[in-house]
Amino acid sequence: MSEPRLRRDDPDRTEPNRSFSGTFQPDAAGGEDFVTRGVRMGYRLIEEQMRRGQQVAQDAGTRFGTSRSGDLRDLAERALRFYSDLYTDAALFWLDAATAMTAPVDPATPDKSSSFTAPTASLAVPMDIASSRPTRVTLNVQPGVRGASLQVLTMRATDPSKPPLMDVSFQPGGELPVLRIRVPNEQPADVYHGVVCDQQSGAVLGTLSVEIRES
Amino acid sequence: MSEVKPIRVAVVGGGCAAMTAAFELTRPEHLGRYQVTVYQQGWRLGGKGASGRGAADRVEEHGLHVWMGFYENAFRVMRECYAELGRNPARCRVATWRDAFFPAADVGVMEGGGDGSWQAWTASFPPMPGLPGDPFTEENPFTVSGYLGRAVQLVLTLLESARARQGGAATGPAAAAPSWRGLPSPEAILAGLGRLARLGGLATAAGLAEGARGLQALFDLWGRVPPARGAEGPLDFLVEAFAGSVRRLLAGWAETDEEVRRLWTIADLLLTVVRGSVRFGLVTDPRGFDAIDGYDYREWLEINGAARATIDSAFVRGGGYNLSFSYEGGDLARPRTSAGQALRGALRMFFTYRGAFFWKMRAGMGDIVFAPLYEVLQRRGVRFEFFHRLENVRLAEAAGLAPGERPYVEALEFDVQARVRGGVYQPLIDVHGLPCWPARPDYGQLEDSERLEREGWDFESFWDLRKVETKTLRVVEDFDFVVLGVGVGAIPHVCREIVARDPRWRRMVERVQSVETQAFQVWMSPGVAELGWRGPEGVTVSGFVEPFDTWADMAHLLPEEGWPAEGAPRSLAYFCSVLPSPAGPAPDRSRASYPAERREEVRAAAVRFLESEVRHLWPAAAATEGGFRWDLLVDAADSHQEGAERFASQFWTANVNPSDRYTLSLPGTARDRISPLDNSYDNLTITGDWTSCGLIAGCVEAAVMSGRLAAHAICRSPALAQIVGFDHP
Numbered sequence: 000m001s002e003p004r005l006r007r008d009d010p011d012r013t014e015p016n017r018s019f020s021g022t023f024q025p026d027a028a029g030g031e032d033f034v035t036r037g038v039r040m041g042y043r044l045i046e047e048q049m050r051r052g053q054q055v056a057q058d059a060g061t062r063f064g065t066s067r068s069g070d071l072r073d074l075a076e077r078a079l080r081f082y083s084d085l086y087t088d089a090a091l092f093w094l095d096a097a098t099a100m101t102a103p104v105d106p107a108t109p110d111k112s113s114s115f116t117a118p119t120a121s122l123a124v125p126m127d128i129a130s131s132r133p134t135r136v137t138l139n140v141q142p143g144v145r146g147a148s149l150q151v152l153t154m155r156a157t158d159p160s161k162p163p164l165m166d167v168s169f170q171p172g173g174e175l176p177v178l179r180i181r182v183p184n185e186q187p188a189d190v191y192h193g194v195v196c197d198q199q200s201g202a203v204l205g206t207l208s209v210e211i212r213e214s
Numbered sequence: 000m001s002e003v004k005p006i007r008v009a010v011v012g013g014g015c016a017a018m019t020a021a022f023e024l025t026r027p028e029h030l031g032r033y034q035v036t037v038y039q040q041g042w043r044l045g046g047k048g049a050s051g052r053g054a055a056d057r058v059e060e061h062g063l064h065v066w067m068g069f070y071e072n073a074f075r076v077m078r079e080c081y082a083e084l085g086r087n088p089a090r091c092r093v094a095t096w097r098d099a100f101f102p103a104a105d106v107g108v109m110e111g112g113g114d115g116s117w118q119a120w121t122a123s124f125p126p127m128p129g130l131p132g133d134p135f136t137e138e139n140p141f142t143v144s145g146y147l148g149r150a151v152q153l154v155l156t157l158l159e160s161a162r163a164r165q166g167g168a169a170t171g172p173a174a175a176a177p178s179w180r181g182l183p184s185p186e187a188i189l190a191g192l193g194r195l196a197r198l199g200g201l202a203t204a205a206g207l208a209e210g211a212r213g214l215q216a217l218f219d220l221w222g223r224v225p226p227a228r229g230a231e232g233p234l235d236f237l238v239e240a241f242a243g244s245v246r247r248l249l250a251g252w253a254e255t256d257e258e259v260r261r262l263w264t265i266a267d268l269l270l271t272v273v274r275g276s277v278r279f280g281l282v283t284d285p286r287g288f289d290a291i292d293g294y295d296y297r298e299w300l301e302i303n304g305a306a307r308a309t310i311d312s313a314f315v316r317g318g319g320y321n322l323s324f325s326y327e328g329g330d331l332a333r334p335r336t337s338a339g340q341a342l343r344g345a346l347r348m349f350f351t352y353r354g355a356f357f358w359k360m361r362a363g364m365g366d367i368v369f370a371p372l373y374e375v376l377q378r379r380g381v382r383f384e385f386f387h388r389l390e391n392v393r394l395a396e397a398a399g400l401a402p403g404e405r406p407y408v409e410a411l412e413f414d415v416q417a418r419v420r421g422g423v424y425q426p427l428i429d430v431h432g433l434p435c436w437p438a439r440p441d442y443g444q445l446e447d448s449e450r451l452e453r454e455g456w457d458f459e460s461f462w463d464l465r466k467v468e469t470k471t472l473r474v475v476e477d478f479d480f481v482v483l484g485v486g487v488g489a490i491p492h493v494c495r496e497i498v499a500r501d502p503r504w505r506r507m508v509e510r511v512q513s514v515e516t517q518a519f520q521v522w523m524s525p526g527v528a529e530l531g532w533r534g535p536e537g538v539t540v541s542g543f544v545e546p547f548d549t550w551a552d553m554a555h556l557l558p559e560e561g562w563p564a565e566g567a568p569r570s571l572a573y574f575c576s577v578l579p580s581p582a583g584p585a586p587d588r589s590r591a592s593y594p595a596e597r598r599e600e601v602r603a604a605a606v607r608f609l610e611s612e613v614r615h616l617w618p619a620a621a622a623t624e625g626g627f628r629w630d631l632l633v634d635a636a637d638s639h640q641e642g643a644e645r646f647a648s649q650f651w652t653a654n655v656n657p658s659d660r661y662t663l664s665l666p667g668t669a670r671d672r673i674s675p676l677d678n679s680y681d682n683l684t685i686t687g688d689w690t691s692c693g694l695i696a697g698c699v700e701a702a703v704m705s706g707r708l709a710a711h712a713i714c715r716s717p718a719l720a721q722i723v724g725f726d727h728p
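Each protein sequence line maps, in turn, to chains D and S.
In terms of numbering that gives the first Met the number 0, the first sequence opens at residue 0 and continues consecutively.
In terms of numbering that gives the first Met the number 0, the second sequence opens at residue 0 and continues consecutively.
Treat the hints as calculated values from the structure; they're not laboratory data.
Glycine included, each C-beta is placed from N, C-alpha and C at the ideal position.
Any given hint might turn out to be false.
As the list claims (entries may be wrong) - Some chain D residues judged to face chain S by a derived CB distance under 7 Å, without partners named:
{"no.": "1", "residue": "13"}
{"no.": "2", "residue": "176"}
{"no.": "3", "residue": "192"}
To be verified - Here are the computed distance ranges between Cβ atoms for each label pair:
{"no.": "4", "chain 1": "S", "residue 1": "399", "chain 2": "D", "residue 2": "131", "range": "54 to 64 Å"}
{"no.": "5", "chain 1": "D", "residue 1": "131", "chain 2": "S", "residue 2": "102", "range": "41 to 51 Å"}
{"no.": "6", "chain 1": "S", "residue 1": "115", "chain 2": "D", "residue 2": "153", "range": "55 to 65 Å"}
{"no.": "7", "chain 1": "D", "residue 1": "158", "chain 2": "S", "residue 2": "581", "range": "40 to 50 Å"}
{"no.": "8", "chain 1": "S", "residue 1": "399", "chain 2": "D", "residue 2": "157", "range": "56 to 66 Å"}
Using the sequences provided together with the hints, build the complete structure.
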């Protein structure tokens with residue numbers, strides 16, 4: 000039997016973010032030479048990938064059969080917390096993968112926990128999303144925002160003629176606030192972008208994108 | 000324990016984008032996960048950045064290459080490359096990246112007078128903090144509001160300069176009535192500016208300075224706290240009032256002072272950018288500068304109120320069009336470039352450079368960039384297959400795809416141009432201790448070398464179809480992934496099947512156009528000052544007369560060459576421009592004489608240019624009876640040719656091969672580009688400055704960004720956030 004050919008994974012996105020704040024991330028402070036830092040972090044990445052991969056395999060073997068999606072989500076969240084210190088995109092990949100392993104939900108039925116497809120976040124905040132259509136949520140916030148009082152400014156569509164997505168907010172939760180999104184049935188399909196701020200200081204902490212597709 | 004099989008990546012092409020992809024995929028941290036083989040036509044890497052050492056070890060280049068101080072990704076790669084290379088400074092004079100690149104602050108444009116005269120404007124850009132490639136540790140430097148704040152600051156500086164020339168006193172702190180920085184909100188600043196404008200406060204130089212500070216404070220605030228969409232609206236009137244006052248003040252002074260007129264041109268350009276950005280809502284538009292991609296740059300300046308003299312100025316023509324060969328179809332009567340990209344590029348160029356505005360290379364680009372990359376990649380285990388000309392990217396039959404399976408590359412078909420004795424070609428030569436690329440292949444390493452040399456096989460010509468055999472690489476058997484790093488001009492030829500099947504690719508190759516370019520280099524016995532040039536040495540000047548609108552003084556290369564002490568040249572000049580295209584479709588591959596025909600056209604144009612135009616740059620190069628002093632040219636072969644015939648001893652090139660063509664950024668075409676991240680063909684990624692890579696420009700930085708994206712497409716590294724300027728308005 001011949002070997003299967005390899006395929007590239009779908010990227011999280013293919014185009015640059017040209018919105019107001021973009022996703023600019025300063026390099027690590029401390030003045031460490033970026034060559035040294037790149038190599039050091041790269042080795043950490045590989046080692047951690049191997050370790051996490053082994054752990055996922057063990058957990059999947061013992062838990063996946065019992066559909067304990069909470070454990071997988073917890074694992075993903077812990078992985079995310081690590082990866083958000085390294086590479087944002089590695090973090091996105093991990094949550095995508097973890098979400099795919101959780102129980103699917105009928106997209107036609109608004110659900111309190113996961114009625115969205117492929118949510119991605121650099122901070123593993125709980126999400127409360129109601130949408131009757133395929134909806135993709137991407138939250139990019141800087142590391143270290145835990146504990147901040149988050150606020151989302153108006154979510155504007157890529158097409159300026161479309162109405163903004165209004166009902167998006169961070170609600171008080173446990174350790175972390177809950178991102179609450181309500182997508183009206185009449186909301187036009189598009190990608191909506193908004194800026195995440197600290198309610199107290201007004202400082203910009205990141206961006207939120209909500210992609211609503213046609214049914 | 001089973002061994003993990005490496006993922007085999009075939010990289011086709013050896014330019015900046017392809018080499019960057021190879022560099023990223025083979026980083027030590029990947030632990031050999033990706034096994035890369037580079038397939039390169041002919042004997043050298045470099046693509047449009049290739050260079051070679053010719054007679055007297057002189058540097059012969061594809062064209063003029065200077066690196067901008069904002070090339071963050073390109074400098075990061077080169078800094079890492081040199082660090083890994085670890086050359087011994089005692090043995091190699093180009094051991095570190097700082098040896099390889101040096102600051103070049105002087106730039107200029109040539110302005111033609113109505114009487115046929117030309118005058119040079121030159122400026123020396125001050126060094127800015129940091130070095131290109133340094134980590135960013137501060138706030139986002141890439142916001143529209145941040146750029147506008149700096150533009151206003153520059154207008155203020157120009158105003159002060161003009162005022163000083165008119166004998167006026169500095170505006171000083173006395174004018175600083177409101178304390179803008181202390182105001183808590185954009186609304187408060189807008190209200191303050193409104194009062195200033197209504198009460199006539201902008202009518203004086205001091206009031207204008209105050210207005211500028213207010214605008215800066217507002218843009219600064221918006222740079223930190225994003226305004227709501229459309230927040231720029233109320234600013235429209237204020238910017239208009241501000242610009243009107245600057246215009247009235249400077250235009251009056253400009254009537255009697257040539258220098259102020261130049262300052263006014265730049266101020267008018269900056270004010271137009273501010274005014275247009277406000278009017279078009281660019282501060283808050285999620286599309287960033289792509290929102291005005293459909294406009295031509297000069298058209299956009301015009302509809303936003305730029306003076307006709309500004310639009311026609313050398314500053315716009317030289318910086319906006321000449322340096323980027325932006326002539327549709329190579330037609331000098333059709334200057335066209337995307338307003339969005341022109342603004343993005345200009346703002347990054349002027350406001351985000353670090354260290355120096357320009358950086359020049361100590362030797363040829365091949366020696367400084369591609370030889371170190373080759374050496375590092377070879378050490379990492381990358382294999383190089385030279386003399387491999389890609390002829391076809393073959394797709395798997397659509398009918399054979401499994402349900403849900405995406406189309407993919409089934410095979411790569413090459414013509415092998417020459418067999419290498421011993422199997423591995425050693426491409427570099429030693430020039431006084433520096434590894435360099437030769438201008439000709441080393442025939443001694445090739446089988447049947449005498450015949451190849453005698454018959455004059457042109458390994459870099461698209462029209463020379465000679466080969467010694469064909470080779471087909473097959474997916475799974477020979478490769479897993481393909482990085483296609485050829486120029487966009489070659490895509491219709493090597494990706495015929497994809498272009499025929501895929502409307503997106505067809506649209507891309509139709510709309511993302513490229514042009515042929517031309518360049519020549521002359522080595523002369525006098526230095527540029529002796530030739531009569533009155534500006535700074537080492538300058539790069541654009542906006543000059545066609546067909547060679549750009550000149551760079553490259554005398555710094557002379558010590559790197561191998562001239563005898565007696566009779567050595569003291570100046571080296573590079574000229575380049577777009578090469579006007581012949582009417583009708585591009586010639587097919589049966590017309591083998593096409594490159595030679597075009598090369599002859601370049602030679603003839605260069606001779607005419609030297610005889611009739613170059614005296615505006617170098618008065619002392621003109622013969623007393625008119626024409627050019629051909630005896631000034633230094634002939635490496637000492638062939639004793641005289642008159643215009645002596646030009647044959649110099650170097651010139653017609654860059655007409657499809658992959659050598661320069662990529663344009665025509666209005667309305669940004670959306671037609673395809674990203675290296677695109678996964679429509681799930682074992683193929685494209686790379687090059689013609690892809691959708693964030694910076695829609697034909698330049699080294701765009702190519703390197705694209706190369707990094709191609710690597711990300713395969714291995715998710717580097718992170719997109721680390722590709723500086725990818726996420727940029």
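Tested hints:
1. 13: 4 Å, holds
2. 176: Since the shortest Cβ distance to chain S is 20 Å, the answer is violated.
3. 192: 5 Å, holds
4. S:399 x D:131: 54 to 64 Å: About 38 Å separates the Cβ atoms of residue 399 of chain S and residue 131 of chain D, which means 54 to 64 Å is violated.
5. D:131 x S:102: 41 to 51 Å: Distance hint for residue 131 of chain D, residue 102 of chain S is violated at roughly 59 Å.
6. S:115 x D:153: 55 to 65 Å: 58 Å, holds
7. D:158 x S:581: 40 to 50 Å: 43 Å, holds
8. S:399 x D:157: 56 to 66 Å: 38 Å, violated
In this structure, the hints that do not hold are numbers 2, 4, 5 and 8, in rising order.
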